[in-house]
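J.: Sequences listed follow chains A and B, in order.
Count the first sequence with the numbering used here and you get residues 1 to 442, in order.
Count the second sequence with the numbering used here and you get residues 443 to 940, in order.
Simulated from the structure, these hints should not be mistaken for lab results.
Be aware that a few hints might be false.
[Said to hold, decoys possible] Stretch-level coverage of chain B by chain A, calculated; a stretch enters the list once three of its residues show a Cβ under 8 angstroms from a Cβ in chain A:
{"no.": "1", "stretch": "586-594"}
{"no.": "2", "stretch": "649-660"}
[What the hints assert, rightly or not] Rough simulated footprint, nothing fancy, chain A against chain B, three-plus residues with beta-carbon under 8 angstroms:
{"no.": "3", "stretch": "607-620"}
{"no.": "4", "stretch": "751-763"}
[To be verified] Quick list of in silico lysine to aspartate or glutamate cross-link-like pairs, EDC-like style, CA-CA up to 16 angstroms:
{"no.": "5", "chain 1": "A", "residue 1": "Lys-163", "chain 2": "B", "residue 2": "Asp-832"}
{"no.": "6", "chain 1": "B", "residue 1": "Lys-933", "chain 2": "A", "residue 2": "Asp-165"}
{"no.": "7", "chain 1": "B", "residue 1": "Lys-697", "chain 2": "B", "residue 2": "Glu-550"}
{"no.": "8", "chain 1": "B", "residue 1": "Lys-933", "chain 2": "A", "residue 2": "Glu-160"}
{"no.": "9", "chain 1": "B", "residue 1": "Lys-585", "chain 2": "A", "residue 2": "Glu-302"}
{"no.": "10", "chain 1": "B", "residue 1": "Lys-585", "chain 2": "A", "residue 2": "Asp-308"}
{"no.": "11", "chain 1": "B", "residue 1": "Lys-801", "chain 2": "A", "residue 2": "Asp-95"}
{"no.": "12", "chain 1": "B", "residue 1": "Lys-585", "chain 2": "A", "residue 2": "Glu-312"}
{"no.": "13", "chain 1": "B", "residue 1": "Lys-797", "chain 2": "A", "residue 2": "Asp-95"}
{"no.": "14", "chain 1": "A", "residue 1": "Lys-170", "chain 2": "B", "residue 2": "Glu-650"}
{"no.": "15", "chain 1": "B", "residue 1": "Lys-801", "chain 2": "A", "residue 2": "Glu-312"}
Even for Gly, the Cβ is constructed at its ideal location relative to N, Cα and C.
Residues per chain are reported as follows:
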Amino acid sequence: MALFIPLIILITTLLCSQVGFTKEELSIPKVSPPKVKEDMLPNGIKLFFLEDKSLPIVNLTTYIKVGSIYDNPKKRGVAFITGMNLISGGNESFDPEAISRELKNLGAEYQTSIGNEYGDASISILSKNAFVGLKIFFDALLNPRFDEKEFKLSKSLTIEQIKRDEELPKSIVSKNFIIETYGKDSPWANFPTVREIRKIKRKDVVAFHKNYIGPSNMIIAISGDIKRDEIIKLLNDYPKVELQSLPTIEKVKPEFQKRSKYIKKDVTNTFFQLGHLGVDRHNPDKYALEVLNYILGGGGFESRLLSDIRSERGLVYSVYSYFTYYKDLGYFSVVGETGKKNEEEVLTLVKKHLEDLIEGKISKDDVLRAKRALLFNQLYWVENSFSAVDLMARLDLLEFPKDYWKTYQKNVLSITLKDVKDVAKEYLRPDNLITVTAGPEK
Amino acid sequence: MTKKILKVLLIALILLMPKSIFASQSLEKNVIEYRLSNGMLWLLIPERESPTFFGAIAVRTGGIDEKDGKTGIAHMFEHMAFKGSERLGTTDFKKEKPILEKIFRVSEEMTEEILKSKPDQKMIKELKQKLANLETQAKKLQKPNDVFKTLQRNGAQDLNAYTTKDMTLFHTSLPKDRIELFGDVFSQMVFHPVFRDFYTERSVVSTERSSRVENNPSGLIYDKLLNIAFANGPYSFSTIGLKNDIDRLTVKDAKEFFSTYYIPINMVGVIVGDIDIGRTKRMLNLYFGSRPKGKKPPKPGQSEPMGDKSLTIESFASPAMILAYHKPTYPSSDATTFDVLAYLLCDEDVGYLEKSLIKEKKIASYIYCSDSYPGLRQQNLFLIYAQPRDGISLKRLEASIKKEIEIGRSKEITREDLKRIQNRINLGYYLAMSDNTGLAQVLVNSQVLKGSWKDAFQYPKEIARVTPDQISSLYPKYITKENSVVIYRNKGSKRRGG
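Turn these sequences into a full structure, and let the hints guide you.
T.: Encoded structure:
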């Protein structure tokens with residue numbers, strides 16, 4: 001029975017006995033970047049394509065380089081509402097009812113949304129109907145009708161959703177954490193109120209689309225049982241459109257100040273999120289921060305937060321940490337839920353773990369394990385043809401270098417214990433935490 | 443998922459065949475069925491998209507096999523599988539074993555005392571202290587989370603498990619050269635648990651329950667629905683169990699449950715990914731083959747449906763309701779017809795309820811249908827979950843839903859409707875099969891719940907056969923007042939819990 005265990009132990013021992021190591025010594029299978037076809041069309045669309053005949057379907061995502069951070073501060077919510085109406089608002093030939101019926105009849109599933117930095121519009125469709133379906137889809141995306149009735153409905157459903165989100169402890173905590181971290185007027189904390197949504201007019205959405213959405217700011221990832229020249233031909237039918245340049249938005253000020261916010265909720269558990277501003281996605285310290293986060297709370301039971309607060313003490317079911325990276329400063333955060341009576345103990349423990357890290361209580365072993373996890377992670381980046389094109393499209397969208405696949409490995413491999421200790425000291429601020437809790441009264 | 447499609451297949455035949463049939467047939471041919479001598483079945487599917495594989499073991503047990511007073515034990519055992527064995531999770535099992543046994547005895551004594559009508563508080567306090575001391579001793583010999591750590595350090599992703607009414611599934615993805623490690627660790631999890639940390643984990647599960655039910659308005663409404671829809675039997679409570687039961691579960695209960703249901707003939711394994719079939723078969727024999735066959739587990743208790751029931755509950759969230767009807771399960775052909783009905787009514791934007799209540803009348807903000815709640819192994823529920831728009835009463839919403847679902851009875855369903863539903867279900871089916879994880883789960887679900895993985899490939903054809911007459915015939919049989927269960931969730935100021 002124990003035949004293979006010694007081998008594994010050997011690998012682990014080998015790893016722990018040295019600091020630097022090569023990928024081979026980690027015994028991680030080789031993986032090469034996917035072979036994706038890349039095209040730049042005359043109208044400005046960037047296309048990442050991979051043919052795959054294994055299943056009779058086609059998957060496509062269009063990324064659009066505009067997000068809610070560019071909303072006019074006096075018209076917050078316009079990007080979001082535009083995102084909701086991109087396909088469902090109809091096109092020149094089909095009203096909303098007809099477009100959803102036509103697409104679903106063809107066996108399609110689609111969704112659209114605009115997030116803080118960019119938007120996306122996705123469709124999956126049976127390949128026998130792909131050409132017809134994609135034509136309807138792009139007609140709506142590029143020449144939308146923004147039907148008035150559908151527009152009004154999307155506004156009122158959004159208002160209902162805002163109200164329901166306010167009730168749920170988890171969503172109210174995460175929303176308030178971001179508002180506290182960036183400030184309520186920051187474009188990075190763009191949570192429109194019911195009043196702001198009510199004020200939005202159809203013409204705002206039409207203008208937003210006209211100004212900021214067109215072929216030249218679209219990146220498309222497509223894979224499946226379809227020919228490359230077919231899709232290129234379809235996309236070439238849409239002319240180049242002059243778009244406005246995106247408004248400049250104010251830089252996030254790296255300010256840190258301890259504060260707490262409590263929201264009373266009629267529940268039995270306390271929900272919490274704490275943290276502070278972090279770094280942008282092109283910051284070279286990102287890799288060391290990912291290692292640090294794995295050690296702290298990003299690696300499940302391999303991480304300190306879960307193994308101490310759940311396994312050792314049984315105080316929570318879940319607690320974890322993460323860094324979010326944007327084009328400007330992202331944030332660092334620890335999230336969890338615990339019984340009311342444990343709240344103080346859990347929050348103190350979280351803070352203690354942060355202090356341990358900045359005091360340098362990190363071992364070579366911790367760093368090795370985390371680095372290995374990050375390298376292993378790459379094996380799963382491409383699990384089917386669509387994840388291959390999607391990965392390449394997102395790297396392009398977020399302006400990562402072409403050889404990110406290789407530099408990722410190099411960057412992770414080169415991290416030292418000192419790097420991790422340095423970034424802990426530089427970026428974690430346990431004395432200046434923003435803490436948001438929701439739950440029963442204290 | 444690039445298939446090694448059988449290129450030698452008669453070209454003429456390929457040309458004659460619609461593409462969709464061709465694709466699913468080649469997929470079907472890729473499935474290798476491998477049964478070990480002890481009866482444990484494995485499904486192996488080679489796929490080479492990434493240098494990894496997804497492996498899972500499904501045990502045909504869950505909430506369905508629980509008895510009164512011991513609800514939650516199936517899920518509690520799922521947690522135990524991750525707590526290690528004689529080789530994983532310990533630095534010296536010989537020394538740890540006697541301490542574990544003392545822990546089991548003391549906690550049993552303590553639980554017994556707590557359950558008495560007049561518990562001796564002093565005695566409980568003493569036992570608690572004794573238990574704490576023993577746990578401190580045991581901890582010195584334990585390696586916490588060894589199962590997770592061993593797998594994670596070897597590149598595992600998506601390492602987790604879930605328990606439903608009908609089955610328990612343990613799963614992970616690993617790099618392709620870790621196939622033996624998968625067999626070694628997973629066989630220890632499902633065949634050789636030692637029930638370490640049972641009592642710490644019991645309190646984690648108790649927190650999990652309060653997070654999933656008491657503090658989660660949608661968890662709460664589904665929990666209460668089961669309570670009133672079934673008089674007794676395993677479908678009358680949520681899989682996580684009743685709070686009082688969870689707090690009283692013991693290692694003895696878990697051991698009994700384990701030895702009854704965690705046996706080779708009650709398990710199906712699946713591996714999809716970059717695997718060598720010969721090497722994989724050798725590994726399976728080595729790690730899973732020597733386990734004795736075991737005795738066929740007893741049949742689960744029968745859930746007893748109760749119709750014409752309604753209940754109003756309160757929570758901190760805006761109102762919602764569920765309208766449900768008792769219905770038969772697979773292999774009744776009516777079950778498949780209900781699947782079609784769910785799409786007909788609730789498919790986003792185009793379902794009749796969606797169109798009428800959300801888009802036209804604007805009285806609902808959200809609608810969702812489920813064709814077989816809470817499981818497939820016994821008679822279950824067809825349900826419609828709905829949230830009213832602000833200011834619309836649940837009564838009015840209910841009346842409108844009841845009016846709109848009559849479309850199914852009217853036979854006014856068009857060919858376009860049925861064609862659309864076929865296309866939609868086909869798409870969903872292909873999407874589910876387009877990565878290792880999805881494909882593995884489709885096959886293992888079908889094998890465990892319907893008795894054959896091959897049925898998964900028949901499903902689109904079964905759907906294609908459903909007619910408007912069949913849909914209409916569901917109504918006099920099932921969509922009746924006597925067969926209905928309604929639950930209203932109002933927003934209340936007082937806290938209510940499960």
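J.: So, for every hint listed, does it hold in this structure?
T.: Evaluated hints:
1. Only residues whose beta carbon comes within less than 8 angstroms of a beta carbon in chain A count, and the stretch 586-594 of chain B has 6; three or more means the coverage holds.
2. For the stretch 649-660 of chain B, the proposed coverage by chain A is satisfied: 7 residues have a C-beta within less than 8 angstroms of a C-beta in that chain, meeting the threshold of three.
3. Here's how the stretch 607-620 of chain B fares: 4 of its residues keep a CB closer than 8 angstroms to some CB of chain A, so the rule of at least three is met and the hint holds.
4. Coverage of the stretch 751-763 of chain B by chain A holds [criterion: at least 3 residues with CB-CB distance below 8 angstroms; count 3].
5. The suggested pairing of A:Lys-163 with B:Asp-832 holds, with an alpha-carbon distance near 9 angstroms, which does not exceed 16 angstroms.
6. About 14 angstroms separates the Cα atoms of B:Lys-933 and A:Asp-165, which keeps this hinted pair within 16 angstroms; it holds.
7. A threshold of 16 angstroms between alpha carbons decides the hint, and for B:Lys-697 with B:Glu-550 the separation of about 13 angstroms falls inside it, so the pair holds.
8. Taken as a hint, the B:Lys-933 and A:Glu-160 pair is honoured in the structure, with Cα atoms around 15 angstroms apart against an allowance of 16 angstroms.
9. For the given pair, B:Lys-585 sits about 12 angstroms from A:Glu-302 by alpha-carbon distance, which is consistent with the 16 angstroms threshold.
10. Taking the CA atoms of B:Lys-585 and A:Asp-308, the gap is near 13 angstroms; set against the 16 angstroms cutoff, the hint holds.
11. Between B:Lys-801 and A:Asp-95 the alpha-carbon distance is near 13 angstroms, which keeps this suggested pair within the 16 angstroms criterion.
12. Only pairs whose Cα atoms come within 16 angstroms are accepted, and B:Lys-585 paired with A:Glu-312 is accepted, the gap being roughly 11 angstroms.
13. At roughly 14 angstroms between alpha-carbon atoms, B:Lys-797 and A:Asp-95 fall within 16 angstroms of each other, so this suggested pair holds.
14. In summary, the hint linking A:Lys-170 to B:Glu-650 is supported, as the alpha carbons are separated by about 15 angstroms, within the 16 angstroms threshold.
15. Of the supplied pair hints, the one linking B:Lys-801 and A:Glu-312 is violated, its CA atoms being roughly 51 angstroms apart against a limit of 16 angstroms.
The structure does not agree with numbered hint 15 stated previously, though it agrees with all others.
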